[in-house]
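*Asks:* Each chain, written out:
Protein chains: 2
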Amino acid sequence: MTQLDHVPTTTTPRRGRRSVVVVGAGFGGLQCAKALRGADADVLLVDERDYHLFTPLLYQVASCLLNPSEIAAPVRKVFRGAPNLRFRQARVVGVDLHGKRLTLDDSSELHYDVCVLATGSVNNYFGNADVARQALNLKDLGSALKLRNHVLERFEHAASTTDAAARARHLTFCVVGAGPTGVEYAGALAEFVRLVVPDEYPELDGPPVRIILLEGGDRVLPTFKRRLSAYAQRQLELRGVEVRLRTLVDSADEVGVVLHDGTELATSTMVWTAGVRAANLLPDGAGRITVDDHFRITGVEGAYAIGDVAAALGADGNPLPMLSPPAMQAGRFVAREIVEGPSSRPFRYRDKGTLATIGRTSAVGQVGPFTFTGFLGWVVWLVVHLYYLIGFENRLQVLMRWAWYYVHLDRPVRIVIRAHPAGPAEPAP
Amino acid sequence: MTQLDHVPTTTTPRRGRRSVVVVGAGFGGLQCAKALRGADADVLLVDERDYHLFTPLLYQVASCLLNPSEIAAPVRKVFRGAPNLRFRQARVVGVDLHGKRLTLDDSSELHYDVCVLATGSVNNYFGNADVARQALNLKDLGSALKLRNHVLERFEHAASTTDAAARARHLTFCVVGAGPTGVEYAGALAEFVRLVVPDEYPELDGPPVRIILLEGGDRVLPTFKRRLSAYAQRQLELRGVEVRLRTLVDSADEVGVVLHDGTELATSTMVWTAGVRAANLLPDGAGRITVDDHFRITGVEGAYAIGDVAAALGADGNPLPMLSPPAMQAGRFVAREIVEGPSSRPFRYRDKGTLATIGRTSAVGQVGPFTFTGFLGWVVWLVVHLYYLIGFENRLQVLMRWAWYYVHLDRPVRIVIRAHPAGPAEPAP
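If you read the sequences in order, they're chains A and B. Numbering-wise, this note's numbering puts 141 at position 141 of the first sequence, and it's gapless, one number per residue. Numbering-wise, this note's numbering puts 1200 at position 200 of the second sequence, and it's gapless, one number per residue.
These are computed hints drawn from the structure, not numbers from a lab. One or more hints might be untrue.
Claimed, not checked - Short derived list, chain B residues pointing at chain A, Cβ under 7 Å:
{"no.": "1", "residue": "1050"}
{"no.": "2", "residue": "1051"}
{"no.": "3", "residue": "1067"}
{"no.": "4", "residue": "1069"}
{"no.": "5", "residue": "1074"}
{"no.": "6", "residue": "1088"}
{"no.": "7", "residue": "1089"}
{"no.": "8", "residue": "1156"}
{"no.": "9", "residue": "1160"}
{"no.": "10", "residue": "1199"}
{"no.": "11", "residue": "1200"}
{"no.": "12", "residue": "1413"}
{"no.": "13", "residue": "1414"}
{"no.": "14", "residue": "1415"}
{"no.": "15", "residue": "1416"}
{"no.": "16", "residue": "1417"}
No residue lacks a Cβ here, since even glycine has one placed at the ideal position from N, Cα and C.
Let the hints inform the model, and build the full structure from the sequences given.
*Replies:* The structure is reproduced here in C-alpha cells:
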C-alpha cells in the first residue's frame, strides 16, 4: 500500500525568484526543464512516472530486444547538479490557470508564477469501447511490457495446445495502424519470429505465424514520400508481414477482430497504433490546447502548452505533428521565453526529417529533399536514435546490445515478468 | 485474458525411449535437464516461468543495479539445439507418483517414466499472517521488482511530505534475517542510499535514512566462520546499517514492525529474508521430501527429488543446505543415474565454499580452511558469480555494468515500472 501523507504542501518560491512548474517529463517537458538549468527561477517538474521515456524505441522493449531501463532515464538523475531543478512524482488532477494553481493526486496544491503544460497524448480508440478493452499498445513502458508478456504467452499456449484452430489464433498477430510505430513493431515482431521461433519452439511445426498489418489509408507510412511507403511495404512483405490497406477495424474481442467489410480475423492479439489524442487536463479540455505562436495558452497569463497537447500551428498553417522533434524544440523555445521574456520572433519548427526502421539493415528516411532506404537508411536511423537517447550509459548499452544482436541474431530479453502490483495501477486506456 | 485451451495433452514417448519430466527450472532442475541433453530419453522441463533465474543476484535487481533479463535466461534459449529437451510453461497442480502422472493448471495430464521434482522453496513466515501480508522479499523477479518500486516510492513520498514522522517512517528500512540475502541486500541498499540520495533528493536534508538489519541469532551470516561474521557486521555498520542481533519480529503492519521485546519500529518497509520452506507439491506434502542417498523418493519407483525440496542428508548426517550448489550437483547426479542406471556410490556433496558481499570492494568468503575478506573477497565473489551466470551474453553485460558502476558509482536502473497485469498473478506469499 502506498502511504500518501495528506499534508498539503506548497511551493515556497524564494524572494524575487519566479516559480516555474512544468507538467510532464516527456520530450517537451524535459527539454524545457533542462533548458532552465541555472536560470533565475525555481523549476519543479511534475510527472506521475519517475523517468523520461525514449518512446521511439518502445517497440524494441516489446519485441524482446531492449530492457526497460535502457530507454528510461530517471528524472532525478537528469537533474543532478542543478540546484534550481526539482522533481515531484505525482499526477496532476486539477489545473486552475486563472488562479495559477495545480492540484495533485495527494490533494496538495502547487502555486506557480509560470506553468508549462507538456502532458503529451494518450491512445485514441475513437470511442470504440470494445477495441479499447481488447487493444494492446505501445504508449508507455507498462503497456510495452504487457505486450511482450502477451506475445510470449501466445507462443507458449500455441506450443501446448493440440487444438489446431486455437493454435492458429494464438499465432495470428494483428497490428492496427501503419504509421512508424505500427510498421516498426510489425517488422520487429517478424524478425523475432524468424530468429527465435524455429529454433526454440520445435512444437510449432504446424500452421505458420501470421502478422497482419491493417491500415485505413492507401499506403503504409502515410506521412512519408510515396516511394518510401512502397519500399517499406515491400520490405515488410519480404519479411512475411501481410499488409492490408484501406482496412478499418469495427470491433474486437478475445478471439478475433472484425473488419469494417465484415471479414473476421481469428486472433487473440490486436496491437493498436492507429491514433493518439491530446492528454488535455484543462477543466473544459477536449483536443489539443489552443496556443499562440509563442505557445502561450490563449486567454491567460503565465501559462504555456507544448508538444502533443498543444495545437500550435506550423509555418504551413497546419497543427505541428505529434512527434518528439517539435515538442523538444518547443520546450527549448518556451524556456528561452521564460528566461529572456517574450521574443519578437514566433516559434518556427525546423523539420530535420523522419525515419522508420523495418528491420535489421532496412529502414526508410527522408531529410529535406533527400531520401534513404535499405542499409544506408538503417545506419542513419541507428546513429540518430543513439544520438538522441538520453544519457551516455544508455547509449553505450544500447549500442552494445545492437552490435551483439547484429552479429548473433538474437532477441535476448524474452522473459515474462509480472511485477507484483504496488501502488496505483497504470491509467486505463 | 489468457486463453487456455482445455484440450488434454499427453506426452507421447517415442517407442523405446523413456520420457523424463523435470518439474522446476531452478538450479537443480535446469542442471538435470541440461545433463540429459543427447540422452536416450525425451525430457520435458515444466515450470510456471519461462526462464531460469540466477537468484543470488536478485538483490542487485532490487537495489537498482541490474536489469531482470541480466539474471534470467529463457529456458527455451538454454535448450536450443537439443532435440530431446522440451519446455512447457505451466504450473503443476497434482502429483501422482504411483500412477506416474502429473496434472497441470490447464487440466492436462503428463505421463512419465521418470520424474524429477525440483520445485525449490518458498518464503517461510512461520505462520505469522500479519508478517506474510506486510513482507517484501527477494524470492523471485516479481518480488524483487516490487521491492525496487516500493523503495523508490518511499523516497518520493519522503521528498513530498512535510510531516516529519511520516518522512522518518518512509526513510526507515527493516531487513529481517542476516543470512547472505539479508546481509547483501542491506549492504546494497546502504550503497544505493549513499550514492544516489544526497545528489538526487535535495529535499531530504532532514532526518537520516535508517537501515535496520534484524537477526534472531547471535551473529550475522550464521553459517560462516565467526571471524567472518564479525567482519561482515563491522563492514555493515561502517556503511550505516544498524545491526540488531537476538531480535525477533512479532508483528507488522503498514506503519511499523513490533519486535518480540515490545519495541516498535516506525517503518513502511519490512524485507523478509528470514526463512524458506520446501515447495512440496506431494498430496501429503509438508516439509522437505524424504529421499535416499541417490535422491530417490522413498516408497515409489522412477521418482527423484533434488534441491531445496528434498531432504537429502549430507555426509555429516544433516540435511543438505538449501543453496544452489547442492541442488546443481544433485541435478547432475540424478541425470547420470537416469542415463547409466543406479550407481553403486551414493551422492556426496562437495562444498566448494560460500561467499557473501557487503558492498563495493567488500565481501567475505570461506573455501575449505581458507577465508577471504575485503577487496580480495570481493574479487573472488565477482569472478565466481560471473562464472556461474547462465549464458555468455549475460555475463558480458553484467561485467560491463559492474565495471561501469565501479567507476561511476551509479545505480542506473532506478525506475518504477508497473507492468499491466497479464494472465495469472504471482502466487501469494
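*Asks:* Now tell me if each hint is right for this structure.
*Replies:* Status of the hints after comparison with the structure:
1. Evaluation of the residue 1050 of chain B hint against chain A yields a held restraint, the C-beta minimum of about 5 Å falling below 7 Å.
2. Below 7 Å, beta-carbon pairs count as interface contacts, and residue 1051 of chain B has one with chain A at about 4 Å; its hint therefore holds.
3. Look at residue 1067 of chain B: its Cβ gets to within about 4 Å of chain A, closer than 7 Å, so that hint holds up.
4. Satisfaction of the interface hint for residue 1069 of chain B is found here, the shortest Cβ-Cβ separation to chain A being roughly 4 Å, below the 7 Å cut-off.
5. Annotation: residue 1074 of chain B was flagged as interfacial toward chain A, and the flag holds, the nearest CB pair being 5 Å apart, inside 7 Å.
6. Because the smallest distance between the Cβ of residue 1088 of chain B and any Cβ of chain A comes to about 6 Å, under 7 Å, the interface hint for this residue holds.
7. Checking residue 1089 of chain B against chain A: minimum C-beta separation of about 4 Å stays under 7 Å; hint holds.
8. Interface hint status for residue 1156 of chain B: upheld, as the beta-carbon distance to the closest one in chain A is roughly 4 Å, under 7 Å.
9. The restraint placing residue 1160 of chain B at the interface with chain A holds, with a minimum CB-CB distance near 6 Å, inside the 7 Å limit.
10. Interface hint at residue 1199 of chain B: satisfied, since its Cβ lies 5 Å from the closest Cβ of chain A, which is below the 7 Å cut-off.
11. For the restraint placing residue 1200 of chain B at the interface with chain A, the shortest Cβ-Cβ distance is roughly 4 Å, inside the 7 Å limit, so the hint holds.
12. Given the 7 Å rule on beta carbons, the hint for residue 1413 of chain B holds: about 4 Å separates it from the nearest Cβ of chain A.
13. The interface hint given for residue 1414 of chain B holds, since its Cβ lies 5 Å from the closest Cβ of chain A, which is under the 7 Å cut-off.
14. Residue-level restraint check for residue 1415 of chain B holds (minimum Cβ-Cβ distance to chain A is 4 Å; threshold 7 Å).
15. Restraint check, residue 1416 of chain B versus chain A: the minimum CB separation of about 5 Å is within 7 Å; hint holds.
16. Annotation: interface hint on residue 1417 of chain B holds; nearest CB of chain A at approximately 5 Å, less than 7 Å.
Violation of the numbered hints given earlier is absent; every hint is satisfied by the structure.
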